[in-house]
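For the protein sequence lines, the chains are A and B, in the order given. Read in the numbering used here, the first sequence has 73 at position 73, and its numbers run on one by one without any break. Read in the numbering used here, the second sequence has 3 at position 3, and its numbers run on one by one without any break.
Hints in this document: simulated from the structure, not taken from any laboratory. All C-beta atoms, glycine included, are put in the ideal place defined by N, C-alpha and C. One or more of the hints may lead you astray.
Some chain A residues near chain B, calculated using beta-carbon distances under 7 Å [said to hold, decoys possible]:
id : residue
1  : Trp-57
2  : Glu-68
3  : Ser-83
A few chain B residues that don't get close to chain A, going by computed Cβ distances all over 10 Å [as the list claims (entries may be wrong)]:
id : residue
4  : Ser-8
5  : Ile-39
6  : Lys-43
7  : Asp-55
8  : Trp-57
9  : Ser-83
10 : Tyr-90
11 : Lys-91
12 : Gly-115
13 : Gly-124
14 : His-125
15 : Ile-135
16 : Lys-140
17 : Trp-150
The lines below spell out each chain.
Number of protein chains: 2
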Amino acid sequence: MDNCDWCSLSEEDRRFQLYETGSWSVFLSDEQDYIGRCILVLKRHCSSLSELTDDEWGELRDLICKIEVCLKTVLGAALCNWSCLMNSFYKDPAPDPHLHIHVRPRYDKPVVLGGNAYTDGEFGHHYALNKSGAIPVEDKEEVFGRLKGWLDRFPFAEE
Amino acid sequence: MDNCDWCSLSEEDRRFQLYETGSWSVFLSDEQDYIGRCILVLKRHCSSLSELTDDEWGELRDLICKIEVCLKTVLGAALCNWSCLMNSFYKDPAPDPHLHIHVRPRYDKPVVLGGNAYTDGEFGHHYALNKSGAIPVEDKEEVFGRLKGWLDRFPFAEE
Numbered sequence: 001m002d003n004c005d006w007c008s009l010s011e012e013d014r015r016f017q018l019y020e021t022g023s024w025s026v027f028l029s030d031e032q033d034y035i036g037r038c039i040l041v042l043k044r045h046c047s048s049l050s051e052l053t054d055d056e057w058g059e060l061r062d063l064i065c066k067i068e069v070c071l072k073t074v075l076g077a078a079l080c081n082w083s084c085l086m087n088s089f090y091k092d093p094a095p096d097p098h099l100h101i102h103v104r105p106r107y108d109k110p111v112v113l114g115g116n117a118y119t120d121g122e123f124g125h126h127y128a129l130n131k132s133g134a135i136p137v138e139d140k141e142e143v144f145g146r147l148k149g150w151l152d153r154f155p156f157a158e159e
Numbered sequence: 001m002d003n004c005d006w007c008s009l010s011e012e013d014r015r016f017q018l019y020e021t022g023s024w025s026v027f028l029s030d031e032q033d034y035i036g037r038c039i040l041v042l043k044r045h046c047s048s049l050s051e052l053t054d055d056e057w058g059e060l061r062d063l064i065c066k067i068e069v070c071l072k073t074v075l076g077a078a079l080c081n082w083s084c085l086m087n088s089f090y091k092d093p094a095p096d097p098h099l100h101i102h103v104r105p106r107y108d109k110p111v112v113l114g115g116n117a118y119t120d121g122e123f124g125h126h127y128a129l130n131k132s133g134a135i136p137v138e139d140k141e142e143v144f145g146r147l148k149g150w151l152d153r154f155p156f157a158e159e
């Protein structure tokens, strides 16, 4: 755990934190291959879904509802792809994963940020693994501001 | 819903049903790109995780725990990749998805079935999207028998 990146986040790492509950933090992903892609990170070190406590499992449900409504309302997502994988931790000979969940919003029409239109060219299919997740910093800031603005205004919208 | 494949399963479709709870059915997937790959299907028509009832969410947790222990114990999985996507329903102009969850067990050593050794060549990385999921029918029967045997013996192992 001492070496776990998710257990030792700096202020800078939290720059794109969108939301938090007692047990979970939500960050806008560095990878914006699907605009609004986020990561839900458990605040304590825990290796799998099977080891979540009752409270953590309950909060996860509220969070999924909230984030799904947010991505649909703010960005026009048609659906969300949820995944809990943790593969990269297993490159280590002594894997010690930290539970996190990816959400990729999927779009049947382009998302426009500033002057740029982002198209989900794989809509109706599995998300792409090799798509660039780099977007201009001002577009990332705009996504962050729009999502955080909604979450701050409606923190208990789904509770 | 009348046209939903998951709402109108035949006896033949249930040939590889491994387990069920009040709200969920578990099937061995036709695609065995990762040996023991399963699909958890909600018994009622429902389009997203956000719409699960309290009971369905609670049972999902028990099921994740049970299936993860089963895949690790019976097949030697190192971890499980969980995903809730539902993309293919959105090829339809009027999408009406039926909630289901994929679980792909991942392996740091080969799984041997009969005389065949199956290697997870992408271990430590995202699951492959283009890997053949076809295995000999006798190997599929063996996986099914081993997983179902464990689940039948320990139906309440994690409750």
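Verification of the hints:
no.	hint	verdict
1	Trp-57	5 Å, holds
2	Glu-68	5 Å, holds
3	Ser-83	4 Å, holds
4	Ser-8	22 Å, holds
5	Ile-39	14 Å, holds
6	Lys-43	19 Å, holds
7	Asp-55	12 Å, holds
8	Trp-57	5 Å, violated
9	Ser-83	4 Å, violated
10	Tyr-90	5 Å, violated
11	Lys-91	4 Å, violated
12	Gly-115	27 Å, holds
13	Gly-124	4 Å, violated
14	His-125	6 Å, violated
15	Ile-135	21 Å, holds
16	Lys-140	23 Å, holds
17	Trp-150	16 Å, holds
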